[in-house]
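Number of protein chains: 2
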Amino acid sequence: MQNVTLYLDYLCPFAWRGLELVYAAAPYLGLEITLRHFSLEQHNHPQNRGLAQNPAWRIAQQPRSGPRGLLAFLASHAARQQGSAAHLRFALSLLRLHHQEGRPLDEESCVEAAQRAGLELERFLADLEEEEARRKELTYDLEAAAELGVFGTPTFVLPSGDAAYFRFTHLTVEPELAVNLWELFTAFLHNGAHVETLKRPQRQQGA
Amino acid sequence: MQNVTLYLDYLCPFAWRGLELVYAAAPYLGLEITLRHFSLEQHNHPQNRGLAQNPAWRIAQQPRSGPRGLLAFLASHAARQQGSAAHLRFALSLLRLHHQEGRPLDEESCVEAAQRAGLELERFLADLEEEEARRKELTYDLEAAAELGVFGTPTFVLPSGDAAYFRFTHLTVEPELAVNLWELFTAFLHNGAHVETLKRPQRQQGA
Chain A
1 MQNVTLYLDY
11 LCPFAWRGLE
21 LVYAAAPYLG
31 LEITLRHFSL
41 EQHNHPQNRG
51 LAQNPAWRIA
61 QQPRSGPRGL
71 LAFLASHAAR
81 QQGSAAHLRF
91 ALSLLRLHHQ
101 EGRPLDEESC
111 VEAAQRAGLE
121 LERFLADLEE
131 EEARRKELTY
141 DLEAAAELGV
151 FGTPTFVLPS
161 GDAAYFRFTH
171 LTVEPELAVN
181 LWELFTAFLH
191 NGAHVETLKR
201 PQRQQGA
Chain B
1 MQNVTLYLDY
11 LCPFAWRGLE
21 LVYAAAPYLG
31 LEITLRHFSL
41 EQHNHPQNRG
51 LAQNPAWRIA
61 QQPRSGPRGL
71 LAFLASHAAR
81 QQGSAAHLRF
91 ALSLLRLHHQ
101 EGRPLDEESC
111 VEAAQRAGLE
121 LERFLADLEE
131 EEARRKELTY
141 DLEAAAELGV
151 FGTPTFVLPS
161 GDAAYFRFTH
171 LTVEPELAVN
181 LWELFTAFLH
191 NGAHVETLKR
201 PQRQQGA
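Protein chains in written order, with full-length UniProt numbering: chain A, 1 to 207; chain B, 1 to 207.
Heads up, a few of these hints could be off.
No farther apart than 30 Å at their CA atoms in a straight line, the calculated lysine-lysine pairs in the DSSO-like style are these [to be verified]:
1) B/Lys136 / A/Lys199
2) A/Lys136 / B/Lys136
3) A/Lys136 / B/Lys199
Pairwise CB distance ranges, derived in the manner of DEER restraints [what the hints assert, rightly or not]:
4) A/Asn3 / B/Ala52: 56 to 66 Å
5) A/Gln62 / B/Glu196: 40 to 50 Å
6) B/Gln2 / A/Ala187: 55 to 65 Å
7) A/Ala133 / B/Gly192: 41 to 51 Å
8) A/Gln61 / B/His170: 54 to 64 Å
Covered stretches of chain B, as calculated for chain A (at least 3 residues, CB under 8 Å) [what the hints assert, rightly or not]:
9) 67-74
10) 108-122
11) 158-168
12) 196-203
Note that these hints are calculated values from the structure, not bench results.
Beta carbons: idealized from backbone N, C-alpha and C, even for Gly.
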């Protein structure tokens, strides 16, 4: 198995598409997916300018009802207690609820995601209530993301150590297309030219 | 033949590598390369913030001895008067002089690039002296770049209309490698997922 780590923020529609991509390709390519977290709210917070490594404003220290993305992170760490496969199903369910069905990232959606993912619900809720432990795990993930220089989601880390933010706008879940795109992505990162950036310009309106 | 447009700034080492790449791949893939210009100095000028479409500070209106990149642009437009193949050879020669041999982008280097590229030197110098015409051509290129939303160099425009900034750090001139990388690049841009961005994070030192 090849371990691929995916940094995500539940708020981000590109992270949703990124997870769908690697999830669809995984069984065909023998990929094992590890999910970790990166907070756009923390990264982009005005108080953290220039402080990515040592942020002044930390989402993991905010009240549960505060930042939009916090509860989903805590719930994600609660789901992770049931193993990485359960974690993956939970993340996919919650991302679909939010980005496909337009549901907010509230407690009701988190519980529904846990149910859809086939988690043990009582255990999930108990783990979610162990909030200090979940906040510590989140802090640990966000520190790892900062050390890696993550600046957006989805960011993938390949078994080779190559890492990249990878943003695409059309959802790819058909296995053949997903495998093809994943292979392009990895070939690009492994290419000897050491590709750093590919980015489409945004065509301007008028002139 | 497939026409590929490349927006470049002579100041930019990534534009140099980008031109080497497409130049090495062109004969094998039947690519015809059109060079156009984009100015990093104009784009990043403090007076132009938020004014990409209608810049307050325009490099084409500056004194010839002013901005570092201006003379190379004017010389590039002078070289273009001798046809697109001559233009391409001139650009490659000047980029190599500057980025490989560490020479400044001054008149001496421009003349040497014209010589290395096999241009008619007297005609080149005369065309360079027709400065108002060259400045108009430069303005036209920079306006086209702004309309396309170019934000850095090299930016390639494929025959399909897909366009992307494409930055890599290791020079690729061996034809097989160049063809391979070019094909990856175009496959990525043509992929149905509509890839918008791929960007490596910069690993942070310490914590």
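Hints versus structure:
no.: 1; hint: B/Lys136 / A/Lys199; in the structure: 29 Å, holds
no.: 2; hint: A/Lys136 / B/Lys136; in the structure: 60 Å, violated
no.: 3; hint: A/Lys136 / B/Lys199; in the structure: 29 Å, holds
no.: 4; hint: A/Asn3 / B/Ala52: 56 to 66 Å; in the structure: 42 Å, violated
no.: 5; hint: A/Gln62 / B/Glu196: 40 to 50 Å; in the structure: 30 Å, violated
no.: 6; hint: B/Gln2 / A/Ala187: 55 to 65 Å; in the structure: 22 Å, violated
no.: 7; hint: A/Ala133 / B/Gly192: 41 to 51 Å; in the structure: 42 Å, holds
no.: 8; hint: A/Gln61 / B/His170: 54 to 64 Å; in the structure: 42 Å, violated
no.: 9; hint: 67-74; in the structure: violated (count 0)
no.: 10; hint: 108-122; in the structure: violated (count 0)
no.: 11; hint: 158-168; in the structure: holds (count 7)
no.: 12; hint: 196-203; in the structure: holds (count 8)
In summary, the structure is inconsistent with hints 2, 4, 5, 6, 8, 9, 10 from the numbered list given earlier, while agreeing with the others.
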